[in-house]
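Novice: Listed here are the chains, written in short residue letters.
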Amino acid sequence: MTRRRREEELDRDIREHLEMEVRDNIERGMPPEAAHSAALRKFGNIAHIKEETRAVWGWTRGQQAVQDLRYAVRALTKNPGFAAVAAITLALGIGMNAAVFGVVNSVLLKPLPYPDANRLVWITDYNPRFKMEVVAGPDFLDWKQQAQSFEKFAGYEYYGGSIAINGNAEQSMATAVSEDFWAVTGAQPSPGRAFAPGERGVVVLGRGIFERTLGSDPSIIGKTIRLDGRTLTVVGIMPPGFRFLFPSPAPHGLDAAQIEAYVPSDLSPANQVRGRNMAIVNVLAKLKPGVSLQQARAEIQGLQDRIGAANGTGDFYRMVELRVQPLQERLVGNARQALLVLSAAVGFVLLIACANLANLLLARATSRQKEMAVRAALGAGRGRVAWQYLAEGLVLATAGGLLGLLLARVAIRAILALGPQSTPRLAETALDARVLGFTIAVSLLTGILFGLGPAFSFSPGKLYDILKSGGHISPSPMTLRLRQMLVCGELALALVLLIGAGLMLKSFWKMNTRPAGFQPESILKMSVSLSGPNYRQDAQQLAYLEQSLGRLESAPGVRAVGMTFSIYRAPAIVEGAPPLPPGQTPSASFHTRSAGYFRALGMQLRRGRWMTDAESKPVLLVNESFARTVLGAGDPLGKRIRVMQKVAEIVGVVADMKTAKLDADPEPEVYIPYRQSPFLRSFDLLVKVSGTPQAAALHELVANVDRTQPVYRVETLEQALSDSISPRRFNLFLLAVFAIVALSLGWVGVYGVMSYLVTQRTQEIGVRMALGAQRSEVLRLVVGQGMLVALAGIAIGTAASVALTRWMASLLYDVTATDPWTFATVCAGLAMAALIACWVPAMRAARVNPVIALRYE
Amino acid sequence: MSTRENDERIELLQGTLDLLILRTLQLGPAHGHAIAKAIERNSEDVLQVEQGSLYPALHRLIKRGWISAAEGTSENNRKAKFYRLTAKGKRQLTVETSKWEKLARAIAGILRPAEQEGKS
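Residue numbers (our numbering), protein chains in the order written: chain Z, 329 to 1185; chain H, 150 to 269.
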């Protein structure tokens, strides 16, 4: 029998029963109306009886849940203001968490797109002094031959080069890969093929250049292109969707995503002779199944020790530190810490949103006590009332979750637009199944949490009191205490976020302070890497450089033109200085620079003189950091420094200046006149103009020097510098957004509780004023009570911040994690905000008309 | 409404009501109103059962298979549900009756000395 029929029959039986009773009563001589009410009285509570009968049939939980949900939707739509505020609060929390989880998922959690990616490891020798990761070619070959822990080794090298197809040159990155590269990455070129072991003179092109420059025309296979002047036959195209996600430790300007040419590497025992002719190679390896990282590391360490002993190169291996780490971990690098901090921050936002919602629900539960009491009196058991609350929590959470998903969609789009290119796989962030699952889980969890909270606060024991009170319900002091605690917690969490954001803001400000003469926005920067047979000779390279400099100098509006190139980082050896123990010589970075460079950047001379472009003797300039750390207290002028095989004299000291990375501390630097430089193959040109540089025109000017040489990375120095800290800017942006949302929610929380308190105490305030209390006293009373809660929150938040901000130390620059100024400013700001949130309700309390307030009862 | 105290009282009442219904139906099939009337009449109006509470009890007994329900026609010619005792119900009635008598004797045994004390 269907439930509906049962229900109808029960209705009918009860109706019939009542009619018979009424008839009996009339027969006994009662007037019809009395007969009717007597029958009803005798029958009892019809709704309750039906409910009990249904209970006998056994409602299935599902049917009951549907009923409860339907009722919950109705109850919430009847109170749209509450529902909207609650859903939006939840949506903020859930949406931002979903977006950050999306990033965490794509950057940290999703396995790399290679077969058995969890077994791929990155092996390198890290040199802490030069901060470089290098593996010597012969070591790679030995590991490959001898190590037992690995299935395969793939070596690769990077170089920037120009790819010329049909006479058009394009600057891009190329990589020379060893034969196992294909097996390790699982990449199958299509169309075409990978190169066979030992094959030379061939190239596999990247998908990007194939689609962009060649219009996806497969007829390129079998034809030749020129890569850095070498003629190579195209044998294949990388498959669509293949991504080169391998670390690029060398400080190349172009990133690995721009690799457009894959050529066979020619590492072989014949051309890799230890100590004489060695290539520097990057090493990927695939562990055998079941081999742990520790085992693999121990084996490679053993091999290195043996190699060192056999070749007398033990010193080298003692200077470096062997690193064997999962590829994914190596790739993510610093982004991990930032993401963990951001995840924690956004989790805080959700907690604050939850506290706010709990506050709202507590207020609602107080005003609904009567409704629930009536429902209980009509026969709803305690369980049923609890279920009702739970259903409402779930409906709210669902609405919040759906809104949150919309928000997450927008947020992810913003993240993709603003996120730094350098964070690996950030661009793959999407609202996929995992993010969806996460959102649903978070929504349900919050829904259950918020449903059950008020359900427990409902106690049927007080039914009679509630019903008797006739609608004027005062909240229990417990409820008020709970609400104050929630607000206190909210403020504490918000303070932690604000302090985090404040510390990052201060770091950002510190990074961006610049000396007076430095105007990066009016400096245009262009890069050139000379390639091809026409530029084999130093003289040819010098000619190109000087011609470019000359053309730029004569362009209209140009105030200074300079060139720079970072040669290397090397130990700074001072002639005549007592030799230091090995490994303790300070290192410096050596740069080639023209005289115009210093003018273009507005660098300051501290001592001695500037260098010119036509020095007769070997000279150089050093910066203050060099003078301080390498030369110590002595007079730097006249000291002689070794540069390659020559020795040059220091003629001047310039002020430290950040010209490449804003978040790097100044390091010892040496500047060599370009005519004395051993390398002129690639360099950056810098053009200082008055006003904003005409990038296109200046670019064209240099490009016209030789059309076969691409001029690339044309941007203002300001862009370049700002790009150098784009991950930091992004982190700051996100943390600031979280902090602002947290502050707003916290503020609303304080305001809500204070308003509520004032409403509750209107009568008391009226009595006080009737008895002669001044408005100012009332104001002080209310504000005092609110600020007590706020200050407790701020105190707890400060303590929590002291404990927590050290986790973000790696995200800060030149600011300690417990920077007292930031702490003080943020605390004062939050206290101010809380004061305003208390002030408004307090003013309302002070304006209470005692006559009306007393009549309020 | 549903504190533990209340639940225990209902439990006791339910068992009693079940017994009364079974006993009433031993005389023949009847509809709800007739059962209520019979209980009231036979207990000389001492047992003022809330008539409505009969229905959850009836449905419970059907569920246990002690009584069955069939559509019939009431004295004022309307469709009504008639309840009748099943074989299982008859057996149950014997069990319940003896259980009840035992309980009544036990309670009476406890109460009697008190009455005597009161008299003396």
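These are computed hints drawn from the structure, not numbers from a lab. Accuracy of the hints is not assured; some may be wrong.
Simulated restraints, written as ranges between beta carbons of each label pair [stated by the list, open to error]: (1) Z:Val-702 x H:Ala-253: 34 to 44 Å; (2) H:Asn-191 x Z:Arg-1183: 20 to 30 Å; (3) H:Ala-236 x Z:Val-702: 43 to 53 Å; (4) Z:Gly-372 x H:Asn-191: 17 to 27 Å; (5) Z:Ala-383 x H:Ala-236: 19 to 29 Å; (6) H:Ala-236 x Z:Arg-703: 35 to 45 Å.
Glycine included, C-beta positions come from ideal geometry on N, C-alpha and C.
Novice: Could you run down the list of hints and mark each one as holding or not?
Specialist: To see whether the hints hold, each was checked on the structure:
Range check, Val-702 of chain Z to Ala-253 of chain H: Cβ separation about 40 Å, and the 34 to 44 Å hint holds. Take Asn-191 of chain H and Arg-1183 of chain Z: their Cβ atoms lie about 60 Å apart, and the range 20 to 30 Å is violated. A C-beta distance of roughly 45 Å is found between Ala-236 of chain H and Val-702 of chain Z, which places it inside the suggested range of 43 to 53 Å. The supplied range of 17 to 27 Å is met by Gly-372 of chain Z and Asn-191 of chain H, whose beta-carbon atoms lie about 20 Å from each other.
At roughly 27 Å, the beta carbons of Ala-383 of chain Z and Ala-236 of chain H sit within the given window of 19 to 29 Å. Remark: the range hint 35 to 45 Å for Ala-236 of chain H to Arg-703 of chain Z is upheld by a beta-carbon distance near 42 Å.
Hint 2 alone, counting from the list given before, is not met by this structure.
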